Amino acid sequence: MSPVEWLAPLMFVVVLAMLFTGYPVAFSLGGVSLIFAAIAVSFGLLDWHFMLALPERVFGFMSNYTLLAIPFFIFMGTLLEKSRLAEDLLKTIGGLFGPVRGGLALAVVLVGALLAAATGVIGASVVAMGMISLPVMMRFKYANALSAGVITASGTLGQIIPPSIVLVVLGDQLGVSVGDLFIGALGPGLLLAFFYGLYVFIAAHVKPGWAPALPPEERSERGWRLALHLVKVLIPPLFLILIVLGSIFFGIATATEAGALGALGALVLALVNRRLSRTALEQTMQTTLRLTSMVMMLLVGSAAFTLVFRGLNGDLWIEHHLTSLPGGVVGFLLVANLVIFVLGFFIDFFEIAFIILPLLVPAARILGIDLVWFGVMIGINLQTSFLTPPFGFALFYLRGVAPPELKTSEIYRGVLPFIALQLLMLGLLVLFPGLVSH
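For the sequence shown, counting from 1, position 403 maps to 403 in this note's numbering; every step adds exactly one.
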């Protein structure tokens, strides 16, 4: 076997092995790419001038207008989280649903959907709702498994409900409009939230002891007082959601422009609510800088990997194997989703998006798959992966803030019904592709 036949597959295997070592992914990609480029040059498979294209690729990433939306949405979501938006929403909506069996759990689902639409940040939603609502649910004798499951699942809705940062990156890597991806993901995301709420409602009535209604003495606000408080708490985030998503859906603004508008709106909301402290602003800017820098470093590493891998015809090797799978489109979707699902246990979404997706997209195009639909499926698949024991990231987020009385086994048991709902949603996407409209 000549070097040209084995070098690309070996490079792919080495990169995957490096991902599981825990070494920083950006440096792993860059280092492996440089080593294999040197080997290829020594065998005469690459001209060293080929690597001169790398600076141009890096500059192209840095000047990518679509990716500019990432820091804006991170800033918006982090500032709203620092402004205690989740706390206000949970307390108020919890009071509204308090008289209903499972009312607190229903409030968590609704707040999870609102936070997803207002922030697009996954970890922050799980942590915030875990810290605020979990102690209350445990105090009122909610079943630990149900409490943990509904908090974890609802916190991951930010993965799929716009303006998700995940969807911004997916849109860029798939080569489709972020606005189209937002429109396509909104229906399935809201349908998932509805399924969550329906499960909670049924479970609370089939097993009343799992989710009792709040006693009257615990509901401090009622009638007009509760209604006014609800309007005061709900209107600002709903208005922000309407501005951000509405401007995209109606073609008034691009995702990047809407992100900038959302960041400004978050500042105004925090200022009006008297929550714009210097500490909150500093923490928000530090978080935005840290996450954005991580994304940019990953982009540089992935640019080096993609350049060398394609120079070795690795993209053609991957494309050939994916398009030759038994079953055609069905076989490709099964393999692609299985790979992404398993990798979601071990590596971050950004790493999957920048390393794995560019290898899948050419085959998906050849097979005639709608890339917006494919992007929504990937988003829901990753959301399922983040929920699945024992390695789901969302489970670790909740475990980090949960009291010792909540056993890890109860968290695992609690998410199982929601994983079933995720799989149901994936099945519906396959059976009814029209659910993803764009």
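Careful, some of the hints might be misleading.
[What the hints assert, rightly or not] Derived DSS-like pairs: lysine-lysine, alpha-carbon spacing no greater than 30 Å straight-line:
#, residue 1, residue 2
1, K207, K141
2, K207, K407
3, K207, K91
4, K141, K407
5, K91, K141
6, K232, K91
7, K91, K407
[Claimed, not checked] Computed beta-carbon distance windows for the label pairs:
#, residue 1, residue 2, range
8, G44, P9, 14 to 24 Å
9, Y23, E282, 25 to 35 Å
10, F396, Q286, 38 to 48 Å
11, W6, V329, 28 to 38 Å
12, L52, G434, 38 to 48 Å
13, T408, L271, 32 to 42 Å
It should be emphasised that the hints constitute simulated quantities derived from the structure, not laboratory data.
It should be emphasised that the depicted structure is a prediction, and the values quoted were computed from it without experimental measurement.
Built from N, CA and C at the ideal position, the CB exists for glycine as well.
The hints, checked one at a time:
Restraint check: the Cα-Cα separation between K207 and K141 comes to about 13 Å, which is no more than 30 Å; the hinted pair holds. For the hint linking K207 to K407, the alpha-carbon distance of about 21 Å falls within 30 Å, and the restraint holds. Taken as a hint, the K207 and K91 pair is honoured in the structure, with Cα atoms around 24 Å apart against an allowance of 30 Å. The suggested pairing of K141 with K407 holds, with an alpha-carbon distance near 15 Å, which does not exceed 30 Å.
At most 30 Å may separate the alpha-carbon atoms for a hinted pair to count; K91 and K141 meet this at roughly 17 Å. In summary, the hint linking K232 to K91 is supported, as the alpha carbons are separated by about 13 Å, within the 30 Å threshold. Of the supplied pair hints, the one linking K91 and K407 holds, its CA atoms being roughly 25 Å apart against a limit of 30 Å. For G44 and P9, the Cβ-Cβ distance of about 19 Å falls inside the hinted range of 14 to 24 Å, so the restraint holds.
The supplied range of 25 to 35 Å is met by Y23 and E282, whose beta-carbon atoms lie about 30 Å from each other. Under the hint 38 to 48 Å, the C-beta atoms of F396 and Q286, about 22 Å apart, miss the expected range. The supplied range of 28 to 38 Å is met by W6 and V329, whose beta-carbon atoms lie about 29 Å from each other. Taking the beta carbon of each, L52 and G434 are about 46 Å apart, inside 38 to 48 Å as hinted.
Between T408 and L271 the C-beta distance comes to about 41 Å, which sits within the given range of 32 to 42 Å.
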